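J.: The chain contents come next:
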Amino acid sequence: MVSLNLFLALAAILFCIGLYGVLTRRHLVIILVSIELMLNAVNINLVAFSSIGPFANITGQVFTIFVITVAAAEAAVGLAILIALYRNRSSIDVIKQDLLRW
Amino acid sequence: MISYTADWSLLTPEIVLAAFALLIFTIDFMTGVKGHKPFAGRLSIVALVTAAVLMITVNGTQSAGIGDTFLVDPFSTVVKVMILLGAALVVMITMYYVERHEDVYQGELYSLILFAVIGALIMVSSADLITLFIGLELLSISAYCMVGFKRYRKQSAEAAVKYIVLGGTASAFILYGMSFLYGLTGSTSLTVIGGQIGELFQAYPFLIMMSLLFILGGFAFKMSVVPFHMWAPDVYEGAPVPVTAFLSAISKIAAFAVVLRLFFTGFGGIYEEWAFLIAVIAALTMIAGSLIALPQRNVKRLMAYSGIAQAGFLLVPLAAVSTVDLTISVFMFYAVAYMLMTIGAFAVITAVTETAGSEDVSAFSGLYYRSPFLALGMSAFLVSLAGLPVSAGIIGKAWIFIHAVSAGYLWLAAVMVAATVISFFYYFRIIHRMFTQPGEAEAARTEVAAALEPGSLPAASPGIITVVAFSLTGTIGLGLVPFILTNWFTGLTWF
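Quick mapping for you: the protein sequence lines, in order, are chains A and B.
Residues in the first sequence are numbered from 93 upward in steps of one, following this note's numbering.
Residues in the second sequence are numbered from 2 upward in steps of one, following this note's numbering.
Derived PhoX-like pairs (lysine-lysine); straight-line CA-CA distance at most 25 Å:
1) K188(A) - K163(B)
2) K188(A) - K155(B)
3) K155(B) - K35(B)
Per the computed footprint, the stretches of chain B lying under chain A, defined by three or more beta-carbons under 8 Å from a beta-carbon of chain A, are:
4) 131-139
5) 146-160
6) 187-193
7) 233-241
Just so you know, the hints here were simulated from the structure itself, not pulled from any lab data.
These numbers come from a predicted model, not from an experiment.
Beta carbons are placed, not taken as given, at the ideal position from N, Cα and C, and that holds for glycine.
Assemble the whole structure, with the sequences as input and the hints as a guide.
T.: And the structure:
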């Protein structure tokens with residue numbers, strides 16, 4: 093039996109990697125992938141709690157299904173917006189998107 | 002296992018609205034890609050008003066629910082009616098806007114607005130983490146598409162990218178916080194979580210606090226509250242004007258309503274732990290929003306910072322809680338006022354920027370001589386936003402102020418006054434411009450010189466006039482007779 097803490101630590105590390113990717117990478121596709129990484133960290137958390145948590149029940153896995161579905165929708169919209177941006181600017185480097193600033 | 006009898010009739014307004022949204026979506030692709038589709042806009046208004054009427058007649062002020070998944074109580078009903086009527090006004094602005102833009106796909110925008118509204122309704126009604134998340138994402142994903150709707154405009158695409166990257170990150174933060182709440186309680190129901198939160202905080206103070214901070218951070222983004230406000234000005238500037246109106250009025254109020262429900266029902270047991278935190282965030286938001294608004298020249302950007310400052314005012318009741326019912330009454334009055342004046346102001350901004358072809362503040366120069374009605378309406382909205390008599394804004398602000406003082410948050414009340422005084426400068430700068438004729442030098446300097454000729458009226462359609470008249474009646478009316486709402490609100494048991 094693997095302890096719950098290991099799963100939580102794995103999820104925390106994944107979440108941090110994802111956040112680091114969002115904050116530092118310049119390529120928009122990688123940024124979207126990093127967001128998916130953060131959402132998958134949440135899924136690991138939920139599934140771990142759902143099977144070996146202090147109050148293990150099925151609700152967490154149902155929640156995970158919803159998270160996966162919504163993440164797919166978000167990725168689809170994200171890629172569509174990315175294509176729109178590429179057609180306008182011929183670049184998806186986030187550093188170069190500087191039309192709007194205060 | 003929780004067993005419940007599901008009374009699906011509680012969902013009637015949402016189901017009707019979803020049916021209309023799909024109908025509009027279908028009619029849209031059956032009538033071809035090109036061309037104006039004013040019927041889709043009219044149908045959306047019919048759908049929203051029908052849903053609002055159903056909300057009042059079917060749901061009324063009863064308290065019922067489908068488990069904890071979907072709650073119908075006075076709180077959700079009042080917020081939902083507000084959202085539906087506000088969205089109907091936004092659709093009117095949208096109709097004016099799309100008539101002038103050939104490159105926008107006409108029908109899709111209306112069905113996206115309706116889907117976003119359904120998301121907001123579900124979110125406001127939910128007392129369960131899963132439903133809450135689904136509603137939130139339905140609202141957010143529709144909003145991402147709406148922001149990028151003018152896809153041949155560089156700014157619109159850039160705004161959409163910024164919005165989806167930051168919005169997706171915020172959603173991940175909210176979810177990460179929620180996953181710990183679920184893990185420690187074994188339930189996604191806010192009432193169950195709320196019942197255990199006190200003991201849990203004793204057992205795992207760090208985990209609960211971390212989960213609270215993650216959720217607060219994510220929702221602070223959705224509410225555009227400092228320090229998570231940086232997206233708002235960029236997205237508001239890049240988005241089409243009616244979408245900006247939607248984001249700053251409807252999306253923001255829905256996020257606030259959800260935060261109230263989450264913090265009172267879910268985290269109510271550890272109120273002492275988060276009240277001060279919210280107070281600090283509210284103070285920072287008011288000051289930062291007001292100060293950064295001062296040098297802005299783009300009117301949409303200025304409204305974004307003004308909206309950030311207003312979000313700070315809306316947070317004050319949450320920090321200074323006396324009783325839950327009174328706090329929500331105070332919040333709700335200002336939310337109604339905020340929605341009316343923001344949508345009204347954006348209706349005028351749409352008419353002016355579309356006529357002048359520029360979003361610079363100088364587009365407002367001499368508006369009074371071109372269109373007295375729009376100028377007077379805009380002045381009333383700005384006076385109300387600034388918090389001066391006679392308007393709904395001052396009553397709402399005064400009520401929040403008294404509430405904060407009586408709850409013992411004197412410093413927060415002082416910050417409120419300071420932020421209000423700062424806000425006079427940028428609101429009155431626009432009013433001053435509207436009532437002075439542009440000088441020769443300035444007319445020559447601005448690119449919008451042609452549109453500033455005294456004879457050139459902003460071509461305001463009946464839709465814009467209706468929105469301004471409705472918001473004006475509400476803003477002034479609530480300033481003169483606030484007791485209609487305040488008496489009714491204070492008598493309600495919200496949750």
